[in-house]
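J.: According to the UniProt record's numbering, the stretch in the sequence shown is residues 1 to 381, in order.
Any given hint could be a false lead.
[As the list claims (entries may be wrong)] Computed cross-link-like contacts, DSS-like style, restricted to lysine-lysine with a CA-CA straight-line distance of at most 27 Å: (1) Lys230 - Lys248; (2) Lys254 - Lys220; (3) Lys191 - Lys157; (4) Lys254 - Lys226; (5) Lys248 - Lys226; (6) Lys230 - Lys254; (7) Lys230 - Lys191; (8) Lys220 - Lys191; (9) Lys275 - Lys254; (10) Lys248 - Lys220; (11) Lys220 - Lys230; (12) Lys191 - Lys226; (13) Lys248 - Lys275; (14) Lys157 - Lys220; (15) Lys220 - Lys275; (16) Lys157 - Lys226; (17) Lys220 - Lys305; (18) Lys248 - Lys305; (19) Lys305 - Lys275; (20) Lys305 - Lys226.
Hints listed in this document are in silico derivations from the structure and should not be mistaken for laboratory results.
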Amino acid sequence: MGYVSENIIRDTVNRASTGLFQLAYKEAVKPIVFDQSPDEAHDQMIQFARVTRNIPPLMWALRAMIDYTDPILETQALGLTFANPFGLSAGLDKNCDLPVLLENAGFGFETIGSITSRPCAGNPRPWFHRLPEYASMMVHVGLANEGIGVVMPRVEKAYLNSSTMRISASIARTNDALVGDIDEGVEDYAKSFRRAADHTHMLEINISCPNTTVGEQFTKPENLDKLFTKLDTIERTQPVLVKMPSDKSWEEFKELLDVLAAHNVQGVSIANLRKDREGLDVPEDWVGGLSGLPTVDLNNSFIEKTYREYHDRFEIAGIGGVFTPEQAYAKIRKGSSLVMFITSLMYRGPQNITVLKRGLASLLRRDGFSSVAEAVGVDVE
């Protein structure tokens with residue numbers, strides 16, 4: 001059907017439709033959504049996706065109106081080809097309800113989960129608090145999901161049916177009363193890893209969920225090495241990324257990268273939620289990690305340093321505070337081959353994926369690049 005960017009009629013319709021979506025979200029949808037608690041709004045969004053994904057004419061209309069395609073956005077990373085570098089980060093689509101909606105909206109990839117070997121009820125509600133003054137969300141879900149046995153068949157279906165969007169599954173350690181020692185944790189990860197092996201385009205191993213009963217035990221180098229010594233024995237062909245913590249010094253962060261460099265790991269996702277609240281006016285009784293703009297400076301610093309020292313070893317998926325094309329472009333120029341986000345969907349609306357893609361294409365052309373890959377790491381000396 002060709003690229004939207006190369007067809008003046010489709011390009012004009014896409015631009016106008018995106019503008020209308022932006023206006024409708026700002027003036028009509030967002031006030032209703034923000035009148036509800038974040039937990040209620042999240043649950044209703046998931047239910048909306050479950051209904052609309054079964055209405056093909058509506059999905060066709062969504063794709064026709066806001067899926068902006070452009071050859072300059074196509075990129076290769078982790079041995080895979082992506083229609084564009086933008087993906088949904090893990091944490092929103094816990095039980096694999098969104099792939100149909102996201103593919104028709106034009107995402108390059110989606111990370112489902114995190115998924116655990118046993119079902120997890122998650123932490124006591126509320127799971128979310130809004131911090132609009134910081135363009136942030138306080139997140140305290142605790143890995144709520146229906147478990148790998150229930151979720152993985154849906155992931156496989158999305159993987160097999162996807163035509164333009166790549167499917168990733170994020171795997172984490174189960175967060176429940178049965179959690180044991182490090183050996184139990186290794187086996188827990190391994191059980192989920194075996195089930196997901198070769199049934200997605202890629203896998204993410206989440207070692208850094210900040211909202212669990214036993215904490216982040218696998219962000220200690222010796223435990224991380226033990227985990228991947230086990231995972232290395234499990235046959236799989238898809239690339240693996242590791243979801244990194246953000247509450248480390250560079251020296252501690254680098255220790256973890258050195259461990260991963262000795263194992264069968266192809267990339268790193270930088271980084272998980274921010275725990276430090278310094279400089280932010282956040283109610284003391286709100287628990288959880290911070291998303292959105294408060295993560296930008298630290299995450300971008302880790303992206304740049306990782307690219308400088310490990311660009312020949314790892315590919316980087318940059319996460320955190322991606323509201324504008326310029327913010328996405330900054331992560332790419334610092335070393336990210338892929339860019340993931342969630343929070344901007346809440347504050348800007350689902351059409352923001354189109355704004356990001358169109359804007360990034362314009363920035364790349366402005367600076368004389370012919371592809372995303374050409375811009376990766378250009379600001380790193």
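J.: Hint by hint, which ones does this structure get wrong, listed from lowest number up?
T.: Of the numbered hints given earlier, those the structure breaks are 14, 16, listed in rising order.
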